[in-house]
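The primary structure of each chain is shown beneath.
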Amino acid sequence: MAIFADKSNKVLVQGATGHQGVFHIGAMKEFGTNVVAGVTPGKGGQEVEGVPIFNNVFDGVLETDANTSLVLVPARFAKDAVFEALDAGIKTLVVITENIPFHDAMEFVHYAKYKDAVLIGPNCPGIASPGKTKIGILPGQIFMEGNIGVASRSGTLTYEIVNSLTEKNIGQSTCIGLGGDPIIGTTFIDALDAFEKDKETNAIVLVGEIGGTAEEEAAEYIIENISKPVFAFIAGRTAPPGKRMGHAGAIIARGKGTAESKIKAFEKANVKIARFPTEIADLVEKHV
Amino acid sequence: MKLFEYQGKELFKKYDISVPKGKLVNNEKDFSGLNYPFVLKAQVPIGGRGKAGGIKSTENANDAKQKLSQIMGMDIRGYTVRKVLAEEKIDVKKELYLSITLDRSKRMPLIMASDEGGMDIESVSDEKIFKEWINPLIGIQPFHIRGIVSKLKLEREESKEVSKFISKIYKLFRDYDCELVEINPLIISGNGNTIALDSKVTINDDALYRHPDIVPENIELTPLEKDAKDKGIAFIQLEGNIGVIANGAGLTMATLDALTNYKGKGGVFLDLGGTDDPEKVKQAFELMKKAKPKVIFLNLFGGITRCDTVAKGVKEVITKEGINCPVITRIKGCNEDQAKDILKDAGLITGTTLQDAAQKSSDLAR
Numbered sequence: 001m002a003i004f005a006d007k008s009n010k011v012l013v014q015g016a017t018g019h020q021g022v023f024h025i026g027a028m029k030e031f032g033t034n035v036v037a038g039v040t041p042g043k044g045g046q047e048v049e050g051v052p053i054f055n056n057v058f059d060g061v062l063e064t065d066a067n068t069s070l071v072l073v074p075a076r077f078a079k080d081a082v083f084e085a086l087d088a089g090i091k092t093l094v095v096i097t098e099n100i101p102f103h104d105a106m107e108f109v110h111y112a113k114y115k116d117a118v119l120i121g122p123n124c125p126g127i128a129s130p131g132k133t134k135i136g137i138l139p140g141q142i143f144m145e146g147n148i149g150v151a152s153r154s155g156t157l158t159y160e161i162v163n164s165l166t167e168k169n170i171g172q173s174t175c176i177g178l179g180g181d182p183i184i185g186t187t188f189i190d191a192l193d194a195f196e197k198d199k200e201t202n203a204i205v206l207v208g209e210i211g212g213t214a215e216e217e218a219a220e221y222i223i224e225n226i227s228k229p230v231f232a233f234i235a236g237r238t239a240p241p242g243k244r245m246g247h248a249g250a251i252i253a254r255g256k257g258t259a260e261s262k263i264k265a266f267e268k269a270n271v272k273i274a275r276f277p278t279e280i281a282d283l284v285e286k287h288v
Numbered sequence: 001m002k003l004f005e006y007q008g009k010e011l012f013k014k015y016d017i018s019v020p021k022g023k024l025v026n027n028e029k030d031f032s033g034l035n036y037p038f039v040l041k042a043q044v045p046i047g048g049r050g051k052a053g054g055i056k057s058t059e060n061a062n063d064a065k066q067k068l069s070q071i072m073g074m075d076i077r078g079y080t081v082r083k084v085l086a087e088e089k090i091d092v093k094k095e096l097y098l099s100i101t102l103d104r105s106k107r108m109p110l111i112m113a114s115d116e117g118g119m120d121i122e123s124v125s126d127e128k129i130f131k132e133w134i135n136p137l138i139g140i141q142p143f144h145i146r147g148i149v150s151k152l153k154l155e156r157e158e159s160k161e162v163s164k165f166i167s168k169i170y171k172l173f174r175d176y177d178c179e180l181v182e183i184n185p186l187i188i189s190g191n192g193n194t195i196a197l198d199s200k201v202t203i204n205d206d207a208l209y210r211h212p213d214i215v216p217e218n219i220e221l222t223p224l225e226k227d228a229k230d231k232g233i234a235f236i237q238l239e240g241n242i243g244v245i246a247n248g249a250g251l252t253m254a255t256l257d258a259l260t261n262y263k264g265k266g267g268v269f270l271d272l273g274g275t276d277d278p279e280k281v282k283q284a285f286e287l288m289k290k291a292k293p294k295v296i297f298l299n300l301f302g303g304i305t306r307c308d309t310v311a312k313g314v315k316e317v318i319t320k321e322g323i324n325c326p327v328i329t330r331i332k333g334c335n336e337d338q339a340k341d342i343l344k345d346a347g348l349i350t351g352t353t354l355q356d357a358a359q360k361s362s363d364l365a366r
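One line per chain: the protein sequences are A and B, in this order.
The first sequence begins at 1 in the working numbering and counts up one residue at a time.
The second sequence begins at 1 in the working numbering and counts up one residue at a time.
FYI, nobody ran anything at the bench for these hints, they're computed from the structure.
The beta-carbon is built from N, C-alpha and C at its ideal position, and this holds for glycine as well.
Where hints are given, some of them may not hold.
[Stated by the list, open to error] Straight-line alpha carbon distances no greater than 30 Å define the calculated DSS-like cross-link-like pairs of lysine-lysine that follow:
(1) A:K286 - B:K263
(2) B:K168 - B:K226
(3) B:K128 - A:K264
(4) B:K128 - B:K229
(5) B:K290 - B:K312
(6) A:K113 - B:K168
(7) B:K290 - B:K315
(8) A:K264 - B:K263
(9) B:K106 - A:K91
(10) B:K29 - A:K268
(11) A:K168 - B:K153
(12) B:K106 - A:K113
(13) B:K282 - B:K231
(14) A:K168 - B:K263
(15) A:K10 - A:K113
(16) B:K106 - A:K272
(17) A:K272 - B:K168
(18) B:K131 - A:K113
(19) A:K115 - B:K131
(20) B:K265 - A:K264
(21) B:K344 - A:K168
(22) B:K106 - A:K228
(23) B:K229 - A:K197
(24) A:K268 - B:K106
[Claimed, not checked] Incomplete in silico selection of chain A near chain B, CB under 10 Å:
(25) F77
(26) F102
(27) H103
(28) G146
(29) R153
(30) S164
(31) G180
(32) T187
(33) I210
(34) G211
(35) T213
(36) I223
(37) I226
(38) S227
(39) G236
(40) T238
With the rest of the complex left out, here is chain A:
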């Protein structure tokens, strides 16, 4: 089963002909992703790695039945690109682009909801269901098929954690990078809900960081709704208050959103906390 992404996703790439687009179309195909179309206005008729390029999303959907879009366009064109995909009938969107003005993100997150579409990101590495598909820029070589669901607000930190699971022969059902921005489409709660229902997922790993209250809300949700074991790592325990640590999301303000408050909330929900990223794999190994 896996969550949000499997063999049924027919992927169209928006921003397909740039350096990133070309590289990741190749990498996704190598992983087994069904990449059916690319879109770059003005470049219709070309091909990238054997994938036909269209001038707009409507044409791409009409010709290829694409149902999923990977958005790689620059920040200032991202809102337009997401709206176009949603209006063309795309039902799953993965928005990789970083530095999108949050007022834009707010608008497209709500429009996606209105259109009943799943939107992952923005500012995220994407989603991978090993053995099935990968929609995004996550490195394919770190994954292994299995039964651990991973949801994370971070990029490289997730790769590190997934890699350490794979090194211990612990495979994953789906790994989803939710994104580091203050406004994101798919949240920890959405991922938890989907992993709970997924028959291929036996345990869940959450990777959080300081800023916002997403982890605290997830902890509340776990107490009421999740029966599967949950493991977590929180980055930023030693970040000084008020300093921005790269991600717009990683801000500590007014005592809320600190690592302590998140760890406390998770402990209350019986979530096992790792002190080092790679310790997650040790904790999961003991459990399985």
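Start from chain A and add chain B according to the hints.
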């Protein structure tokens, strides 16, 4: 980006939002045109300036001159006062609180208002702060405004004025891509006008390109941090003596956390991001050298980024320009074996695990 109070008020004027008559003052010559009594207000990007003595009321020219010299240059929670705003006093009838901010959980703008505005808003209980969330797809509607204003204890005319005020502020919040617009207090004056006595405006950095009229001041950055920002490198100076270079904000934070477990303290947070461009790696090391850490800890996970390319960049900087402190490295992921060989060849210490490298770095920094 946080605007100073006076910059926020300039934006307010653009939206026909009333503010007290006032101007920036450097010396007594600038007092001309202002009526006594007026108030001198330190311009700092942080709250609590009133309690720190950064706001003073003046009665006459002599008094004003003396108080200006007290405020100019004073230190308010780490910020030196370089700008002072002088504003005429207002006859205050009511003090309200009004803000529009971003609710991350609901992913919507949130309007908050209270009749109990003023210095101690943070201790006002939750049931006295009225809230309305605005779905960005429909924008602000009259029912939102009625929902808030009807709960404030206001007279009919006052309600009308405050309603107009809220819709203007919301328009500014959206037009200028704000993360926050806060007015505390929002005054209803003796003659029934609504006036913004203060302004706190934060504009989303990612949207600054749409607002060329806003000039960034980067007032919260150290000189090295400014330099890094110009080069597009995420670089933050902290209190410790270990310089951390990693890729990705999450991994960089996790590296700082790991050091703490061995009683090491991060002195610099440097996030290389997704780059393996040797030029960027070189710039990163140059910045790091200028920050003079006792130890540098390079922690890389190569996903799409190839470890060996980064390692080559590091080797080049170190062999060409030298480095005067130990460098501990820990490399994992894509092409890690080649990378380790390159770094060993450059004379750097390589740790086997994050824990091992964090411990080595912490020990050396002591």
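Problem set entry | Hints that the structure is at odds with (numbers, increasing) | Those not satisfied are hints 2, 4, 10, 11, 17, 23, 25, 28, 36, 37 and 38.
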